[in-house]
Each structure stands twice: as C-alpha cells, then as structure tokens.
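Line by line, the protein sequences are chains A and B.
Using our numbering, read the first sequence as starting at 1 and increasing by one per residue.
Using our numbering, read the second sequence as starting at 1 and increasing by one per residue.
Careful, some of the hints might be misleading.
Intra- or inter-copy, both count: the list cannot distinguish identical chains.
[Unchecked claim] In silico DSS-like cross-links for lysine-lysine, where the CA-CA straight-line distance does not exceed 30 Å: (1) LYS148 / LYS93; (2) LYS163 / LYS221; (3) LYS203 / LYS93; (4) LYS226 / LYS206; (5) LYS116 / LYS184; (6) LYS221 / LYS63; (7) LYS226 / LYS63; (8) LYS226 / LYS162; (9) LYS206 / LYS184; (10) LYS221 / LYS94; (11) LYS163 / LYS226; (12) LYS64 / LYS221; (13) LYS221 / LYS116; (14) LYS64 / LYS148; (15) LYS64 / LYS203; (16) LYS221 / LYS156; (17) LYS203 / LYS63; (18) LYS63 / LYS156.
Derived by calculation from the structure, the hints in this document are not laboratory data.
All of these numbers come straight from a predicted model, not from anything done at the bench.
Number of protein chains: 2
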Amino acid sequence: MTFCQKLSRRSLLRGSALGGALTATATLAQGAHHGHSKTGSLLSGVNTILFQGDSITDAGRDKKHEVANEQRAFGRGYAWMAASQLLIYQPEKKYSIYNRGISGNKVHQLDARWEKDCLDLKPDVLSILIGVNDIWHGLNGRYDGTVKTYADDYRKLIVRTKKQLPDVSLVICEPFVLRCGAVKENWFPEFDRYREAAQEIAKENKAIFIPFQSMFDEAIKYAEPKHWAGDGVHPSANGASLMAHFWLEAVKGA
Amino acid sequence: MTFCQKLSRRSLLRGSALGGALTATATLAQGAHHGHSKTGSLLSGVNTILFQGDSITDAGRDKKHEVANEQRAFGRGYAWMAASQLLIYQPEKKYSIYNRGISGNKVHQLDARWEKDCLDLKPDVLSILIGVNDIWHGLNGRYDGTVKTYADDYRKLIVRTKKQLPDVSLVICEPFVLRCGAVKENWFPEFDRYREAAQEIAKENKAIFIPFQSMFDEAIKYAEPKHWAGDGVHPSANGASLMAHFWLEAVKGA
Chain A
1 MTFCQKLSRR SLLRGSALGG ALTATATLAQ GAHHGHSKTG SLLSGVNTIL FQGDSITDAG
61 RDKKHEVANE QRAFGRGYAW MAASQLLIYQ PEKKYSIYNR GISGNKVHQL DARWEKDCLD
121 LKPDVLSILI GVNDIWHGLN GRYDGTVKTY ADDYRKLIVR TKKQLPDVSL VICEPFVLRC
181 GAVKENWFPE FDRYREAAQE IAKENKAIFI PFQSMFDEAI KYAEPKHWAG DGVHPSANGA
241 SLMAHFWLEA VKGA
Chain B
1 MTFCQKLSRR SLLRGSALGG ALTATATLAQ GAHHGHSKTG SLLSGVNTIL FQGDSITDAG
61 RDKKHEVANE QRAFGRGYAW MAASQLLIYQ PEKKYSIYNR GISGNKVHQL DARWEKDCLD
121 LKPDVLSILI GVNDIWHGLN GRYDGTVKTY ADDYRKLIVR TKKQLPDVSL VICEPFVLRC
181 GAVKENWFPE FDRYREAAQE IAKENKAIFI PFQSMFDEAI KYAEPKHWAG DGVHPSANGA
241 SLMAHFWLEA VKGA
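The whole structure should be built from the sequences, with the hints applied where relevant.
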C-alpha cells in the first residue's frame, strides 16, 4: 500500500490524531464520497470549483476581473494556493476555478449575492468559509446577529443552493481564529458555538468539513499564533499555504 | 479507485502532461520506490528529514537556533511549508525535520560543511536544491566554476553521502528560474545544462527528482513570472507554497 493510499485510508476510515473535529471530517468525507461519487473521487468529472466566503477567501482579489483560473481574480490567499496547485499539478483536468469571497461578509450577505456569485456559475464543487464576521461584528457592536442567526441563515443558504444545484458537492470550512491580535478572551466560548454550528451543518448535508480550527490548534505547537495569522483572523502566507494543503487533502481524498 | 490512488498511478506509472521533466520524475520516483521501500512508501519508517541548499532553502532561518520542527529554525520558504504541512497533517508520525540551507551556497560549499550539516544528522530522507549560484556567481564574475564543476562536485557529494548513509532516500530538486528580475537572456541556454545535470545525477542515483522548472513553466500560464519569484530566483510565498505542494506529492507518492 502506498503512502497516498494510507493517507486516504487514514483520513477516510480511521480519522486522525487531531481529535474530534478531524475524526468528524473523516466520517463526513466518507459520507460525501458515498453520496456523490460511488465510482471514484469527488473530483472525478468535476469541471467548475467555486470558493466563497469573506476576507480570508477574498485575499485582495481584483473584483473587476472575475474570470476563472487567473491569479489577479484570486488574490493571494488559501483559495489561490489551493486552486493554483490543482491547476498546475493537473493541467490535463481543465478545471475552471473561481473565487467570489468578499471582505466583511456574513452569511446573509452571501445570500444577497448568491444568484450572481454562486448559482449562475453552476459549480460542481462549492467551498464555503464564513462565520468570523458573524461573531466579530456582533462583538464590536456593528451587528445584532447571534449564533442562531448564523446557523439559521447558513441552513437556508444551503437549502436554496441544493434546490437549484442538486448535484453540487459541498465543502464547508470550519471558521477559525488564532489567539492573538484582535482575538481577545471575550470571543470565547461564543466562537466555539459558531464552529460547532458549521460542523453540524456540514454533517446534516454530508458535506466535506475542513477542520481549520483543529489544524491551527496543532500548528501552534510548531510556531507562535501570529506566525499563522498576525491579527488572529487573517492568515499569513504560511497560514494560507497550510489551509490549502488541508483543503486539497480533504477534497482529493473524498 | 480514489483520486489519491489515481494521482499515484498517474505520477508513478504514466507521467503527466507537464512534459519531459515530469515524465522523468515518474520513472525516477518509481525507481526510488523500488530501490528504497519494497513494502511501502518512501516515508514509511522515516524519522529524520533534512532540507539542504542555498538561499531558496534558507529563506531567513535563524542559524543560531538549529533545532528540528520549529519555524524559527526553518524560515518561511518552501522547506518550512512542506515540513509544517507534514508535521501538522500527520502529528502521529513524529518526524524530526531540519533545514540547513545557507544563502549563497554552491555545491562545493555544501561539501565543506557536509559532516556537520548533513552526515551527523543521519537523515532518512535528504532533499537537495542547489545550482542557481553555481551559474549566477559565474555570470557576475565572482566564480570560475562551469557546469562540469557543478556536476563533478555534485556527484562527489552524493558518493560521499551514500558511503556514509547507504540507506538514505535522496530527493534531488531541479534548479529553476523565472524569466524576470535578475534573470536575463544571457543565462540561457547555459542554465538548462545545469538543470539537465541535476536530472542526470538524480537518475544515476535513483533519486526522486522534483521538476521545479517544469512546474514554474506551467505556473506562468496562470500568473506572470514575478508573481512566483519577484527577482526571478527567490520564490514568493505563493511560489514557495507551490514548491511545497509538488515536493510533498512527489515524496508521498514515491
């Protein structure tokens, strides 16, 4: 058995040493596998991949140039790193990959632009990372939504998506923070409830769940939190590269 | 068959669409597989991994703090991205990973510090990326070595290494440049001969060969050269992340 096969077996069947969230991923990824592609991987036959979210996904992309596969349309974050690595490693697959993250977005703001920025693109794989502004804008008094608002809005968005795109493969990314910069003690334990809600929604929908918080909890054993995200919210290039690795491993292995 | 298995099959047996260099990788990686690990992957049973090279590997590491697995001892380049991704994705493997690249080094300078900076560490996997200074310092009049000097010195270094570490798994990285910044037309076709020499040495030694030049030749279809390496020689964070992806795919798949 090759290392690659072992990785697949490990992540799909046995979970990993990263604890609860990654074990959940294992099950969810397996669910996604059975749900979407009995004869191969989630990426078999996939043409269009869409990254959606807030500033972490946006990462400085040029919103006047919203084409597939070009760096200018992607910014410099995890979405570009994951996309460019897929495109360059497997040019023969001819993927069309889009980034439509917008800085500052909460779930209801995704919903407001969903027709144009998701449904019209008809993605085969839809990856969403949303949640940090849903709590942050509440903590700084700019928003009165709660974790219930977040979860209700998120569930409605998924129902709407699956109604119009019944075959879409969903990737739901765990919201995460590093304990440094703007992230203070008053974020907790409230923030954990947003993470749990995202994971619940992934489970209900047999989506692939990317456990970014567990990943960063492991990462801080090797470098201090600010190495991965200076302000605690927005990943550095090294944080983004780590995210791209976990995203690709989960999606390719599913 | 999973996507991961397909990737392995593709990279090990059939080569890829990236042309000559990656097809060669396929054969070389297969050679490495057969040579080193009849019962599993190259990383089975591996504890110690060492990255060696010049400034591209060095990437600002703290040379007063040469411990395994810590970011400070690694800098922020491809070696750290690959190492941190292995460590964080598979914490149960308990790898010890070192970076001993030094800015400005040519092959003979690796040789001068090889006892302390390679042999004493007894790596199970040794990854070397060297060559750009061997040509660059010649072009700017600071060095009189030729491609023959490079190849002779490189072969001697490998003989020395294998004599003392007969079971080491070798990873030989292709020297690369982007056509921008400091890299002018007078680098070619001479530079191509250095790349070919590295690939020949990989083949002779059944090493894994990482075709970074072919990778960047594909990458410039998606973003301009300076996106990947501003001065043509030293990768940006996005260039380093791409290198880490190819390095990990090749080493895990072998």
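Cross-check of the supplied hints:
1. For a Cα distance limit of 30 Å, the shortest separation of LYS148 from LYS93 qualifies neither inside one copy, at 40 Å, nor across copies, at 39 Å.
2. For the identical chains of this complex, LYS163 and LYS221 are neighbours neither inside a copy (42 Å) nor across copies (36 Å), given an alpha-carbon limit of 30 Å.
3. Proximity of LYS203 and LYS93 under a CA criterion of 30 Å is satisfied in both settings, with 29 Å inside one chain copy and 28 Å between copies.
4. In the homo-oligomer, the alpha carbons of LYS226 and LYS206 never lie at most 30 Å apart, since the shortest distance is 33 Å inside one protomer and 41 Å across protomers.
5. When the C-alpha separation of LYS116 and LYS184 is checked against a cutoff of 30 Å, the pair qualifies neither within a copy, at 36 Å, nor between copies, at 44 Å.
6. Taking identical chains as interchangeable, the C-alpha atoms of LYS221 and LYS63 lie at most 30 Å apart only when they sit on different chains, with a minimum of 20 Å there against 37 Å within one chain.
7. In this assembly of identical chains, LYS226 and LYS63 lie within 30 Å of each other by CA distance both inside one copy and across copies; the values are 28 Å within and 21 Å between.
8. For the identical chains of this complex, LYS226 and LYS162 are neighbours neither inside a copy (38 Å) nor across copies (40 Å), given an alpha-carbon limit of 30 Å.
9. Neither within a single protomer nor between protomers do LYS206 and LYS184 lie at most 30 Å apart by alpha-carbon distance, with minima of 33 Å and 52 Å respectively.
10. Taking CA atoms no more than 30 Å apart as the test, LYS221 paired with LYS94 passes between copies only; the shortest distance there is 13 Å, against 38 Å inside one copy.
11. Proximity of LYS163 to LYS226 under the C-alpha cut-off of 30 Å is found in neither arrangement, the shortest distances being 41 Å within a copy and 43 Å between copies.
12. For a Cα distance limit of 30 Å, the shortest separation of LYS64 from LYS221 across copies, 20 Å, qualifies, whereas the shortest one inside one copy, 40 Å, does not.
13. Within a single copy, LYS221 and LYS116 get their C-alpha atoms only as close as 41 Å, which misses the 30 Å cut-off; across copies the closest is 27 Å, which meets it.
14. Proximity of LYS64 to LYS148 under the C-alpha cut-off of 30 Å is found in neither arrangement, the shortest distances being 34 Å within a copy and 50 Å between copies.
15. In this assembly of identical chains, LYS64 and LYS203 lie within 30 Å of each other by CA distance neither inside one copy nor across copies; the values are 35 Å within and 47 Å between.
16. With identical chains, the CA atoms of LYS221 and LYS156 are never at most 30 Å apart, being 37 Å at best within one copy and 39 Å at best between copies.
17. In this assembly of identical chains, the alpha carbons of LYS203 and LYS63 never lie at most 30 Å apart, being 32 Å within a copy and 46 Å across copies at closest.
18. Taking identical chains as interchangeable, the C-alpha atoms of LYS63 and LYS156 lie at most 30 Å apart only when both belong to the same chain, with a minimum of 26 Å there against 53 Å between chains.
In terms of the numbered hints stated before, the structure departs from hints 1, 2, 4, 5, 8, 9, 11, 14, 15, 16 and 17, listed from lowest to highest.
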